[in-house]
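> First to last, the protein sequences are chains A and B.
In terms of our numbering, the first sequence opens at residue 1 and continues consecutively.
In terms of our numbering, the second sequence opens at residue 1 and continues consecutively.
Hints listed in this document are in silico derivations from the structure and should not be mistaken for laboratory results.
A hint or two may mislead.
Said to hold, decoys possible - Here are the simulated EDC-like pairs of lysine to aspartate or glutamate, each with C-alpha atoms no more than 20 Å apart in a straight line:
#1 A/K166 - A/D357
#2 A/K235 - B/E213
#3 A/K235 - B/D116
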Amino acid sequence: MDEMHYAPTVRLCRRRFLHIAAAAASSLGLAACSSNPTPAPGPTTSAGAATAPGSSTPVVIGVAISTTGSNGDTGTYQQQGYQLWEEAVNAKGGLLGRPVKFLFYDDQSDPTTSSRLYEKLITQDSVDLVLGPYASNVTAAVAQVTERYHYPMIAVGAAATEIWQKGYKYVFGLASTTDLQYSTLIRDVIGPLKYSTVALIYEDSLFPISEINGAREYLKKLETKVVLDEKYPPKATDLSSVLTHVRDANPDVVLGGTYTPDSELIVRQAKELNVNPKLYAFTVGPGDPNFVANLGADADWITSPSIWEPVINTPGNAEFVQRYESRFNRSIDYHVATGYSGGMVLDAAVKEAGSLDRDKVRDALANIRLQTVLPGEYRVDQTGAQIGHVMMSIQIQNGKRVVVAPKNLATGTVMAPTPPWNER
Amino acid sequence: MTLVQVIINGVLLGGVYALFAAGLNMIVGVMRVINLAHGELMMLGAYTTFMLFSLAHVNPLLSIPASAALMLILGMALQRLMVERVVRQPLLSSLLLTFGLSTLFLGVALNVWTGDQRSVSYLSGSLSVGGLQISVVRMVAFAVAVALTGATFLFLRCSTFGKTIRATAQHPDAAQACGIDVTRVRMVTFGIGSALAAAAGSLVSMMFTFNPEIGQAFLPKAFAVIVLGGLGSFVGALLGALVLGVSETVAGYFSSGQRAESVAFVILIVMLMIRPAGLFGTNE
């Protein structure tokens with residue numbers, strides 16, 4: 001609802017502003033304003049000129065994000081994170097003394113639509129800055145556009161490792177890439193438990209494969225033996241054969257590269273077939289707010305990597321969670337936190353740059369380190385990929401998500417081994 | 001022993017495929033309309049059960065009549081208002097219409113229920129029978145599916161209205177000449193077909209985690225079942241569904257889950273090549 005409200009107002013103001021700006025430019029002979037449609041590479045800063053006219057001229061941040069289509073729910077949460085940051089930054093006096101205003105479009109979860117909309121945001125709406133869309137496939141398409149126009153982009157909703165292997169200079173990661181998903185869980189949970197055999201079962205698609213490829217590397221360091229390595233097709237309706245293989249291999253740990261439906265199918269059928277590893281871990285699934293509702297008590301004991309949790313004690317986290325839940329009247333999930341943190345990083349980078357000059361902001365994004373509400377810190381490597389963010393591990397205990405690793409963020413300890421199904 | 005286990009799982013899965021395909025098969029048989037929205041009717045059935053369960057704590061099995069009744073009405077309305085207009089028209093018209101309906105239902109469902117993954121937590125676990133683990137929910141779903149498929153079969157065989165449906169399927173003009181109101185027959189058939197899809201959806205909501213896109217995953221399997229069993233043949237579809245279920249799980253056990261999923265399509269292609277009428281296609 002809010003985004004529908006946002007877009008037209010901003011667009012109207014924008015248009016009026018452009019009229020006024022054009023009139024002013026022609027009468028005063030000013031060459032440029034902040035809404036210079038062509039990118040200005042090099043040191044010529046249009047931002048200085050823009051700050052001068054008045055501190056009430058908003059800094060416009062353009063975003064196309066999925067509020068409908070298959071990612072409509074999660075995209076909306078990320079957008080709500082942006083909106084919450086917008087309110088927070090404006091309450092503190094804005095960016096460089098100017099209010100912040102978002103210009104949102106809906107990309108309908110479609111990469112082609114999204115890259116077209118970013119092109120429009122940059123060339124027609126002449127936004128000052130952009131923030132990233134939702135989902136890796138969309139971000140991968142958009143990155144080509146933002147890179148071409150030299151717009152620095154914090155890829156808030158993307159985790160695919162490949163995005164940072166293309167030599168982009170203007171794309172910055174915010175959360176750990178897919179190959180790092182299992183880093184903490186393997187090192188800090190499986191390691192100390194000294195489990196020696198693992199079955200890897202994962203969906204045959206881009207993300208799960210990348211997650212499991214990363215996991216294999218971490219497992220090597222522990223000298224854990226992989227006793228089963230099996231893919232299954234997307235949208236599988238029966239995993240009994242995969243789980244029969246697991247039962248035959250009898251591993252200590254079942255490590256899944258999953259989405260929500262297959263992770264829940266694995267749990268159901270593992271119970272049916274009496275598959276009893278000492279530990280279950282899934283990537284996507286246990287973090288889904290519906291996971292416990294969908295599985296009931298069978299959700300207990302399951303572990304998962306996590307990007308962010310509402311209970312951790314990062315600075316301002318508790319207040320952020322509370323503000324979100326009273327503002328949007330629903331329980332929060334990590335997509336809101338990444339959206340909000342993306343805003344915080346942009347805020348810090350603009351302050352560091354001291355202007356809206358996009359090349360300076362880009363340099364700031366490449367070099368700054370800061371603490372957001374996410375665990376760890378914001379810090380990127382040479383390629384722009386995130387390396388400061390710390391993955392956590394959670395375990396579902398009595399229907400609640402408990403942070404079990406790393407130690408400094410933990411709210412509980414891991415419960416293991418998981419009892420066999422017939423003793424639960 | 002493990003192989004027996006895998007075969008049992010396949011049979012149980014096949015029961016639900018049979019129920020879902022039966023509705024589609026009836027509609028194809030009677031009006032030669034390939035209903036591409038059949039998966040979405042199933043999805044709506046799944047959401048009916050989910051909503052009744054999560055909001056009013058209605059037992060999922062007891063909600064099956066409700067979801068079937070709702071889709072019976074919706075199906076009859078759709079048929080009378082839209083599908084009837086494309087009956088006996090070029091195949092493309094009905095494909096376009098039902099494809100449009102499918103997209104419409106999917107879009108509406110995504111708006112109403114979002115893409116969130118849902119499920120009905122009911123009857124988890126298994127029965128241990130002589131060393132075999134038999135999923136309780138899948139066993140119940142199988143029983144319900146076979147009962148409903150059987151009831152529909154008897155209805156078509158024995159009741160007067162069932163006979164008019166079969167007459168219309170065999171020769172609409174002759175049926176009309178004999179005084180059968182074929183328009184009404186087609187409407188009711190579409191309604192029953194939709195109700196069967198909805199019942200399958202209700203069962204699916206207990207077995208799987210789903211979102212509005214679930215129908216898209218099931219529709220291709222229903223086509224494979226129908227081609228295998230024979231267009232318009234009820235018994236054929238039931239057997240076809242069981243063969244599909246078993247071959248999927250057995251292929252998955254001997255090779256990998258990836259290959260299992262292609263089994264449906266291999267069967268489809270092979271059947272089309274060697275016996276286009278299906279196993280039982282000539283009977284009806």
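> For A/K235 and B/D116, compute the direct alpha-carbon distance and say whether it is at most 20 Å.
Holds, because 15 Å separates the two Cα atoms, which is no more than 20 Å.
> Straight-line Cα separation of A/K166 and A/D357 no greater than 20 Å?
Violated, because 24 Å separates the two Cα atoms, which is more than 20 Å.
> Does B/E213 sit within 20 Å of A/K235, going by the straight-line distance between their CA atoms?
Roughly 10 Å between the alpha carbons, so the hint for A/K235 and B/E213 holds.
Hint check: a violation occurs at hint 1 only; the rest are consistent with the structure.
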